[in-house]
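Engineer: Protein chains in written order, with this note's numbering: chain B, 1 to 263; chain E, 1 to 258.
It is worth saying that the hints were derived from the structure and are not from the lab. Treat the hints with care, as some may be off.
As the list claims (entries may be wrong) - With beta-carbon atoms standing in for the labels, derived distance ranges: (1) E:LEU208 / B:GLN195: 34 to 42 Å; (2) B:PRO121 / E:ASP15: 37 to 45 Å; (3) B:ASP251 / E:THR209: 25 to 33 Å; (4) B:VAL151 / E:GLU152: 34 to 42 Å; (5) E:PRO129 / B:ASN249: 39 to 47 Å; (6) B:ALA135 / E:HIS188: 43 to 51 Å; (7) B:GLU90 / E:GLY102: 30 to 38 Å; (8) E:GLU153 / B:ASP38: 20 to 28 Å.
To be verified - Covered by chain E, per the in silico footprint, the following chain B stretches (three or more residues, Cβ under 8 Å): (9) 96-106; (10) 238-250.
No experiment lies behind these values; they were computed from the predicted model shown. The C-beta atom is built at its ideal place from N, Cα and C for all residues, glycine as well.
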Amino acid sequence: MTNSEQLTIEQAIANLEGDDLGLRLYSAWWLGRFRVKDERAIAVLVKALQDNDDRTPNGGYPLRRNAARALGKVGDASIVLNLIECLDCEDFYVREAAAQSLAMINDRVCISALCRLLEQPDAVPQPAPEPPFLAQPFDALIEALGTIGAVEAIPLIKPYLDHEVPRIRFASARALYQLTPDGDYYGQILIEGLQSPDLQLRRAVLADIGAIGYIKAALPVAETLAENSLKLIALGGILEQNLPESYLNQDTIGVMDLMDALL
Amino acid sequence: MKDVDALIKDLDRADSADSLLNAVKALGEKRSVVAIPHLIQVLNFNNPGAAVAAVEGLIQIGVEAVPSLLEQLDRHNYTARSWAIRALAGIGDPRGLVTLLGAATADFAVSVRRASARGLGLMKWYWFPSNLREIAQAEALEALLFVLEQDEEWIVRYSAVTGLQGLLQSYAQATDRVEAAWQKILDHDPVPAVRARVAYARQNLPRLTPPEPEPMPFPIDWQEILTRLRERKSLERRTISDPNNYRDIAKAIVCQDL
Numbered sequence: 001m002t003n004s005e006q007l008t009i010e011q012a013i014a015n016l017e018g019d020d021l022g023l024r025l026y027s028a029w030w031l032g033r034f035r036v037k038d039e040r041a042i043a044v045l046v047k048a049l050q051d052n053d054d055r056t057p058n059g060g061y062p063l064r065r066n067a068a069r070a071l072g073k074v075g076d077a078s079i080v081l082n083l084i085e086c087l088d089c090e091d092f093y094v095r096e097a098a099a100q101s102l103a104m105i106n107d108r109v110c111i112s113a114l115c116r117l118l119e120q121p122d123a124v125p126q127p128a129p130e131p132p133f134l135a136q137p138f139d140a141l142i143e144a145l146g147t148i149g150a151v152e153a154i155p156l157i158k159p160y161l162d163h164e165v166p167r168i169r170f171a172s173a174r175a176l177y178q179l180t181p182d183g184d185y186y187g188q189i190l191i192e193g194l195q196s197p198d199l200q201l202r203r204a205v206l207a208d209i210g211a212i213g214y215i216k217a218a219l220p221v222a223e224t225l226a227e228n229s230l231k232l233i234a235l236g237g238i239l240e241q242n243l244p245e246s247y248l249n250q251d252t253i254g255v256m257d258l259m260d261a262l263l
Numbered sequence: 001m002k003d004v005d006a007l008i009k010d011l012d013r014a015d016s017a018d019s020l021l022n023a024v025k026a027l028g029e030k031r032s033v034v035a036i037p038h039l040i041q042v043l044n045f046n047n048p049g050a051a052v053a054a055v056e057g058l059i060q061i062g063v064e065a066v067p068s069l070l071e072q073l074d075r076h077n078y079t080a081r082s083w084a085i086r087a088l089a090g091i092g093d094p095r096g097l098v099t100l101l102g103a104a105t106a107d108f109a110v111s112v113r114r115a116s117a118r119g120l121g122l123m124k125w126y127w128f129p130s131n132l133r134e135i136a137q138a139e140a141l142e143a144l145l146f147v148l149e150q151d152e153e154w155i156v157r158y159s160a161v162t163g164l165q166g167l168l169q170s171y172a173q174a175t176d177r178v179e180a181a182w183q184k185i186l187d188h189d190p191v192p193a194v195r196a197r198v199a200y201a202r203q204n205l206p207r208l209t210p211p212e213p214e215p216m217p218f219p220i221d222w223q224e225i226l227t228r229l230r231e232r233k234s235l236e237r238r239t240i241s242d243p244n245n246y247r248d249i250a251k252a253i254v255c256q257d258l
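Bound conformation, chain E alone (with noise of 0.2 Å):
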């Protein structure tokens, strides 16, 4: 078995399709930090077959990979920066999740909304402050009925009934709303795939059961989410929402010792 030194000399030595693709797919199976700057690294070559694979090993990592995904959002590259939403998707870290709502909403990329929309379901919300938790939910809730109502491509929408389903898990109390829409869909959607996902939904709904919480590995810097939420919102629903809401969070993450 090689070490993760050796996988990293392969990686940068690979010279055709194929070495690339098999030096990401081990270099991701050891699931090590190390890995993670060449994994990105990875993400700015023109290679989609190689792409997915560090997009599935950095997912693996998981969320010691977020802070230099989040990074590599602030760069220039647009195809690396619509991986680096993938993987961001796949992991489900909170600090994630303001880059996931704008991005399964308004990312000009099909495959960047479809996996965000599907990364919103699969949020970790049992890491967030329980007032901040459902602010975050609500926001989660109403991206999602927006693409599974606005959406173009019949994927996106898909998505989006897959990203319901997952935030039901934790957010019962969207029950009506989110059936609501399902209906809408199942009454008038033109793709026969997108109501078909919504039946399925339909049938896993009573035996889904809220994830198993892991442990939170590092304090998060809740208060940067929060401010992040709060210009998001105050850039598009002003009205639906009471901006009071607000201050209770504030009051509640600095009570809070993180």
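Same shape as in the complex, but just chain B (with noise of 0.2 Å):
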């Protein structure tokens, strides 16, 4: 796309609100890409979760999963009650979509309905038209928790870290790690995680740990066998939560000479 053709905030707010569903689809994206926090397009970003326009052939929303997302980045505390009632919609997106921007503006209202989700996995309609044909995104749920310090949930994750699908597992150590006094424990988890067969695995769990900041775990990060990139994000996210405010102390130092050596 040249320079041109790119969006401005009116654009985008006037394309939600035309008919061209896939006009629409981009520009609720690209408000959320670029954080406009101005009140109109929040407005139009709401109503886009109710839209019933925009669907797969399985019944999924496209337009309320991009919307949900772009609010979560739009990070509006107002609009906290509306991604709650998206954790309802029967599309496994759109709730998946809801539970990380709950996280990213990080209120506690959500906690209880999160809960509910993980307590009674069936407690909504679910067509979950792709694999793994899980009853809720259960990762998601967790690592909300997690992040917005729901220690009230602790019980309600403790058995996930048991679950059959190993993307779950290490979120639910994730959490657990953030939530209780046992970092180390549910660390060790984690760095166990680095040394999965699955790549993909691998990249998560890069993500979990740069998320969580686990000091420990930068040498195993470091050699963790996955792109330079995202071992680079990872140190960088355990660098800057182990930061004093003169930023050097023996940990730190450590983790920039590993950064040094995979730029």
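Reconstruct the complex from the two isolated chains, following the hints.
Structural biologist: Take a look at the structure:
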């Protein structure tokens, strides 16, 4: 796309209210991508959460998904209740996007709604049209609870440490690292995940470790078989969460030496 | 211990991601010039793990790999080209200088800008004839300051900090300008990791000493580098430096018995 074709906020809002489904979908993404904190933009995105025009053959709601993602990036606390309503949508990916956006907005108001889906995974109608055919986006729900600091959810999350889907086990370890005083125990689970034979999984665990900033994982991260870019992002996350005011101590210098070798 | 030929056969026969990776690593560790075309071939596979290992192996082989890497740049496989630039960045050979200047400031791929910015700090400046050296270092300084101030990706700015730290080891004249740029980062860069790297670079500064010169293994065509540098400059910062410098340099090079 050339510069002259780029959207303006006005156009994106107008597109979202127009008839072209492709443009609506793109404009919703665009408003999130550029984190447009504009009242009218937020209003049209909230309206798009109820959209019934744009449907996939399997019954999904692509526009609702994009609108839910965009609202998280815009990060406006006034729409938390709208996102909570999305947790009841029958589209798995709308629920997943809503959980991820609620984590970004980080407001405790959503804790009970997130917990309800962990407690009663079948609480909403769920044509989950694509693999892995899970009842709920458990990893997104659990990560959100960890990010928000929902210690009351600890007993609900613990059983998911044994879930058959590895991604969900690691999401649980990540959340319990954040929520319990047993950080090293759960941090070690993540470090072991870096040895997984599955590259996708190793990438996901790198992201988990970067998000929680587990300092003892710095060397295992640097040695993980994955792209340097992803290892650098994870190490950057570790670095930022362990910085003293002067920026420098033995830990942070060690992390920067590891990063330098990956540039 | 397998010899190089046996390892090359292993590489040809590799039939899984793991066996490919192991073969590339083992071959790279031999540091043999015979391995160069085979390691470069791996840059064309769509396999990031193996490509990282091949880049590492080519960097270990060093300047002997540079002509083949430069040749790779002229081909049209974009991914292979970006891996080749990363290998050039790690080797620090002057023949890669102009490529790295362009890649650090303008390449489309973050990983290539990142590696090039670091590579500019690893350049073997001590091989340059003295007059050309200052012009080349001034170019590297401008490029790295541009990247530090303008690149949208924090990891590229982070990398530019390391590049500037490396450059200052052999180009102390730039200290004041680099210090000023670093202070601006400390005051304004939104990403704490970039500010932290500046703090670390500053702490390192008094301890920096020029790297121990290695002997130049073969003559380098300085005229070619100068021509490319001149082309680059005429495209960009016509007004900043005096074009007369180039005439002096050209004279200096012609008088040198390379």
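Engineer: Taking the CB of E:LEU208 and the CB of B:GLN195, does the distance hold inside 34 to 42 Å?
Structural biologist: Taking Cβ atoms as reference, E:LEU208 and B:GLN195 lie about 37 Å apart, which means the hint holds.
Engineer: Does 25 to 33 Å hold as the CB distance between B:ASP251 and E:THR209, or does it fail?
Structural biologist: About 26 Å separates the Cβ atoms of B:ASP251 and E:THR209, which means 25 to 33 Å holds.
Engineer: How does the coverage statement for the stretch 96-106 of chain B fare against chain E, requiring three or more residues with Cβ below 8 Å from a Cβ of that chain?
Structural biologist: violated (count 0)
Engineer: Okay, B:GLU90 versus E:GLY102 on CB: inside 30 to 38 Å?
Structural biologist: 52 Å, violated
Engineer: Do the Cβ positions of B:VAL151 and E:GLU152 conform to the proposed distance bound of 34 to 42 Å?
Structural biologist: 37 Å, holds
Engineer: Has the hinted range 37 to 45 Å been met by the Cβ atoms of B:PRO121 and E:ASP15?
Structural biologist: 42 Å, holds
Engineer: If I claimed the Cβ atoms of B:ALA135 and E:HIS188 lie 43 to 51 Å apart, would that claim hold in this structure?
Structural biologist: 47 Å, holds
Engineer: Per the hint of 20 to 28 Å, is the separation of the Cβ atoms of E:GLU153 and B:ASP38 within bounds?
Structural biologist: 26 Å, holds
Engineer: Honestly, do E:PRO129 and B:ASN249 meet the 39 to 47 Å range at C-beta?
Structural biologist: 43 Å, holds
Engineer: Do at least three Cβ atoms from the stretch 238-250 of chain B come closer than 8 Å to Cβ atoms of chain E?
Structural biologist: holds (count 6)
The structure does not agree with the numbered hints 7, 9 stated previously, though it agrees with the rest.
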